[in-house]
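Undergrad: So the sequence lines, in the order shown, correspond to chains Z and X. Mapping the first sequence onto this note's numbering, position 162 (from 1) lands on 162, and the numbers just tick up by one. Mapping the second sequence onto this note's numbering, position 156 (from 1) lands on 156, and the numbers just tick up by one.
It is worth saying that the hints were derived from the structure and are not from the lab. Please note: incorrect hints may appear among the correct ones.
List of simulated lysine-lysine pairs, DSS-like, C-alpha gap at most 27 Å [said to hold, decoys possible]:
id, chain 1, residue 1, chain 2, residue 2
1, Z, 46, X, 64
2, Z, 46, Z, 113
3, X, 64, Z, 273
4, Z, 331, X, 273
5, Z, 58, X, 64
6, Z, 331, X, 64
7, Z, 93, X, 338
8, X, 311, Z, 273
9, X, 279, Z, 311
10, X, 227, X, 279
11, X, 64, X, 31
12, X, 338, Z, 331
13, Z, 58, Z, 113
14, Z, 158, X, 338
2 protein chains.
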Amino acid sequence: MKRELKFSKMEGTGMEKKTRVAIIGYGNVGKGVELAIEQNPDMELKVIFTRRKPDTLKIRSNAKVLCITEVDKYVNDIDVAVLCGGSATDLPKQGPKLASIFNTVDSYDTHAKILDYYVSVNEAAKKAGKTSIISTGWDPGLFSLLRVIEEIALPQGKCYTFWGPGISQGHSDAIRRIPGVKDARQYTMPIDTAVRRVRAGKNPELKTSEKHWRDCYVVVEDGADLKRIEQEIKRMPYYYADYRTVVTFISEKEMAERHSEMPHGGFVLRVGKTGECHKQLMEFRLELTSNPEFTGSVLAAYARAAHRLNKEGQIGAKTVFDIAPAYLSMKSLEELRKEVL
Amino acid sequence: MKRELKFSKMEGTGMEKKTRVAIIGYGNVGKGVELAIEQNPDMELKVIFTRRKPDTLKIRSNAKVLCITEVDKYVNDIDVAVLCGGSATDLPKQGPKLASIFNTVDSYDTHAKILDYYVSVNEAAKKAGKTSIISTGWDPGLFSLLRVIEEIALPQGKCYTFWGPGISQGHSDAIRRIPGVKDARQYTMPIDTAVRRVRAGKNPELKTSEKHWRDCYVVVEDGADLKRIEQEIKRMPYYYADYRTVVTFISEKEMAERHSEMPHGGFVLRVGKTGECHKQLMEFRLELTSNPEFTGSVLAAYARAAHRLNKEGQIGAKTVFDIAPAYLSMKSLEELRKEVL
């Protein structure tokens with residue numbers, strides 16, 4: 001109710017203030033958020049916080065660049081901070097800390113530890129009266145949202161998430177750590193036969209390794225032992241051992257020319273049954289030529305929502321499940337009903 | 001906040017009460033809702049209200065069947081009423097009237113008049129302290145939701161909704177009204193070349209008639225003038241005149257054997273651009289073998305949400321844009337974070 005009034009009074013009048021955004025961490029996703037803010041005229045990038053020396057950063061926008069140790073000084077000048085650090089080591093520390101200073105949004109994606117992360121961010125945000133939307137982006141994020149939508153519409157069915165074709169940073173890094181490897185890119189690929197069985201409504205039990213194969217492109221140092229490297233990749237536990245893995249050795253030139261982009265994508269597919277025998281299929285699909293730019297774009301929309309929720313007093317940690325779609329949109333509820341419904 | 005407490009205390013304990021549902025109107029969609037409730041163990045169908053003589057209805061469940069004039073007596077026994085009447089003449093009257101008695105959900109789909117409908121239902125529901133979710137189902141409904149999600153993730157882009165292949169009841173009825181026609185089915189079909197242009201990222205301007213063609217199967221009375229009937233179909237304004245239309249005359253037997261189901265579907269497709277030049281594609285697709293059963297299933301999930309919102313004091317008319325995904329799910333927020341995120 002509260003919100004409805006705010007929307008109808010403030011939005012679309014040109015009188016509302018822009019959402020003032022800080023980016024924490026200027027890697028690929030941070031750059032994606034910076035680009036996304038250019039496409040969202042109701043937002044403005046005020047400052048980028050970095051662990052590097054601020055004057056070494058070349059940024060695209062006119063935002064200030066400051067050392068991450070200075071965040072405290074900006075408590076009153078930022079409506080929402082977009083955390084663009086990594087899930088392995090950055091976010092477990094930064095998430096709760098920054099949630100006690102700013103409204104935040106992040107793309108925390110270590111599935112096995114999300115519940116702990118939620119608890120620590122929730123506690124910090126509630127204590128500070130802030131709002132934090134965790135684990136947004138596309139998976140977790142939009143794919144999680146679609147898994148719910150597909151499940152509520154088809155309670156009797158089974159949901160499958162397929163990833164790829166797309167670059168996995170973690171799997172690429174794992175190959176780069178092998179002695180003799182100069183550079184590597186790994187594409188996660190859906191297995192076509194598995195996709196076909198799911199589409200046909202067979203609802204098979206499938207492990208991740210039965211849904212995907214791994215396509216690796218590797219540049220090696222002169223004189224490196226190709227056979228050993230290939231075996232080390234294929235035997236690497238967790239990352240590769242369980243998967244069909246194809247290794248192709250290429251030149252540095254080819255790597256630069258053909259594998260420098262960061263495409264990704266995938267789909268969330270559910271085949272369910274209604275009534276006695278009616279097969280119903282739902283599918284949400286992404287085909288991205290830049291994974292970090294798309295992730296940044298989704299983060300920007302959830303940043304808008306975090307700011308709005310906080311203005312309404314809805315504090316604590318949230319996930320995509322808590323966010324009504326209207327909070328994400330530049331359009332007012334009236335405009336959405338008129339133009340999009 | 002309030003809601004979070006309720007969820008964690010009540011749900012998953014087996015102690016919570018079931019949502020008590022009434023179906024208003026027992027046509028194809030009403031039957032779909034009845035079937036859907038069987039798949040949602042937290043809901044229970046208490047009563048079906050009909051304009052027909054109650055004892056002439058053969059229903060599937062053990063619900064009571066009562067005359068629609070008796071709704072007032074059930075104010076305290078029903079948590080949410082699912083309105084399954086038509087948008088042309090039933091809902092404009094029933095929507096506001098029933099919103100003053102029950103929490104309601106409907107699939108009102110006359111796009112041009114949704115704003116007026118919203119206002120009249122909102123007023124009635126607010127006055128009565130009830131919650132009404134209007135225009136759910138899949139379009140409007142899930143497709144509207146996905147149009148927003150695609151738009152917020154890719155502000156620079158263009159959204160296309162394609163329908164079909166699927167039966168359109170309205171277009172089939174229009175043919176049936178032509179003298180000499182005994183029966184007819186019309187399939188709305190997406191035009192492949194238009195789909196390909198959109199997928200390629202051309203973002204063309206396309207009218208509905210440039211995205212779809214109409215595939216008609218017609219049974220005629222003995223000795224009917226086929227040429228006249230075909231021309232009357234193809235020249236029918238609004239329904240057919242603007243579209244590529246194919247008319248095939250078939251026998252009653254063939255109609256019964258091959259065209260008795262109610263498949264439908266379609267997709268919401270957006271190709272956008274991030275950064276300087278990165279093409280990003282999002283797509284949500286439905287392939288339904290029973291349109292009314294799927295619609296009923298979506299209505300059931302939004303009925304759950306209407307009941308929950310009302311318990312929280314969120315009254316008035318709502319659309320899919322106002323509903324956080326968690327309200328739709330049988331799972332608690334904790335379960336969603338753990339299992340679906």
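Undergrad: Which earlier hints can't be squared with this structure?
TA: The structure conflicts with hints 1, 2, 5, 6, 8, 9, 10, 12, 13, although it agrees with all the remaining ones.
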